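Asks: Heads up: the sequence lines are chains E and H, in that order. Take 1 as the starting number for the first sequence in full-length UniProt numbering and just add one per residue. Take 1 as the starting number for the second sequence in full-length UniProt numbering and just add one per residue.
Simulated from the structure, these hints should not be mistaken for lab results. Do not rely on the hints blindly, as some may be mistaken.
With a straight-line cut-off of 30 Å between C-alpha atoms, the simulated BS3-like cross-links for lysine-lysine are [as the list claims (entries may be wrong)]:
1. K175/H <-> K145/H
2. K175/H <-> K175/E
3. K145/H <-> K175/E
4. K175/H <-> K145/E
5. K145/E <-> K175/E
These figures come from a predicted structure and were not determined experimentally.
There are 2 protein chains.
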Amino acid sequence: MTSSASISLAVSTVIFALRTDERGVSSVWLPLVRRIREPHLDCWALPGGPVDAAESLESSARRNLLETTQLEPAYLEQLYAFGDVDRSPDRRVVSIVYWALVRADEAERVTAGENVRWFAADALPELAFDHNVIVDYALWRLRTKMEYSRIAQAFLGDQFTLAELRGVYEAVLQKPLDPANFRRQMESSGDVVATDEVVTGGRHRPPRLYRYVGDVQLVDAGPLTPRIPA
Amino acid sequence: MTSSASISLAVSTVIFALRTDERGVSSVWLPLVRRIREPHLDCWALPGGPVDAAESLESSARRNLLETTQLEPAYLEQLYAFGDVDRSPDRRVVSIVYWALVRADEAERVTAGENVRWFAADALPELAFDHNVIVDYALWRLRTKMEYSRIAQAFLGDQFTLAELRGVYEAVLQKPLDPANFRRQMESSGDVVATDEVVTGGRHRPPRLYRYVGDVQLVDAGPLTPRIPA
């Protein structure tokens with residue numbers, strides 16, 4: 001008979017948001033927290049902590065996020081359980097990792113300071129534990145999911161211009177996309193449709209707002225959430 | 001400060017295989033094991049057990065599978081971590097669930113008996129713990145993944161006839177598919193290509209063997225496995 005008595009359980013969350021620089025180029029950023037205890041004292045790490053015996057995994061993820069970053073993300077999904085034997089130097093820790101995709105207005109709730117800071121996802125320092133591996137995996141999943149789900153909506157809200165949607169794809173895929181080709185592909189895919197609305201603000205030719213069609217799935221939110229029927 | 005000292009960690013695995021009845025109708029089956037201790041004594045349950053402190057999560061899944069079912073599946077993927085507070089009646093258990101898709105020749109290794117038995121996935125008895133929810137979730141993931149990955153290959157091996165491939169889709173989607181339409185869809189998808197080989201055995205018009213094209217991804221095998229570049 002084996003025993004798991006000496007394994008600790010933790011949750012961590014990868015939070016992705018998009019930022020656009022002064023040249024109009026979007027990229028993926030994430031907030032990290034500085035560790036204030038050993039191991040890896042002073043290293044940057046994903047927000048997280050131990051699971052309380054009385055809370056579910058998702059509740060634990062949400063509580064840890066709120067405590068460290070003030071975020072209450074609409075999009076929060078379980079990513080993967082990381083359980084390599086030697087991933088923590090002083091004891092065995094299995095981490096259930098969630099990921100959150102947040103809109104710009106949500107991201108503003110994160111108060112950066114000495115112990116919380118935003119980093120570009122493709123230019124991270126050496127993080128605590130296996131957190132670099134975790135972020136790389138989350139980025140790979142983000143790129144993969146863009147191809148078959150309306151995950152971009154998590155960054156944009158319900159309505160968006162095609163230029164905004166293209167910005168999401170450019171940020172995640174890390175390459176510029178031709179605007180005319182992108183428009184053609186999106187319109188022929190049947191995944192997005194034009195609404196009757198345009199961006200307000202007095203421009204001569206205000207861009208039209210689009211939305212995803214109803215039956216494209218946003219996200220696999222796990223087994224206990226109502227889903228769009230297949 | 002919260003603590004996870006009282007949370008036990010376990011792994012379980014959902015094993016899916018296909019069976020074809022005497023009318024030629026395929027369906028999804030899975031082997032279950034009878035519990036020989038409380039809680040849920042004598043109930044059928046997914047094969048699994050506690051994670052040993054010295055083994056990784058996947059190693060634990062593989063060891064438990066081998067011990068209970070003699071299976072060493074080629075396709076084994078992490079499915080989800082189930083961590084509801086009340087999922088076990090007597091203590092807090094978080095289960096990392098894997099799923100395995102096995103070919104018919106692999107499935108034959110499972111020696112059914114008093115404590116191991118195959119069940120049709122759509123006609124399960126009431127299982128131990130939340131294992132019915134877990135199987136339903138795995139079936140949903142299987143159906144969803146069929147749409148964007150070559151997951152059917154896990155049931156078939158590298159080469160297969162279009163009739164065999166259609167059988168997989170019919171079993172997973174639980175509905176008959178028109179052979180001519182299916183052939184047209186598969187051939188136009190670009191996902192499968194005809195090989196130069198046919199089924200041997202002396203039939204007058206032996207069916208041609210197909211294979212998936214190289215750049216369709218079989219499976220997300222997790223963050224630590226080499227992947228086909230995007």
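Asks: Let me make sure I understand: some of the numbered hints might not hold for this structure. Which ones are they, in numerical order?
Replies: 2
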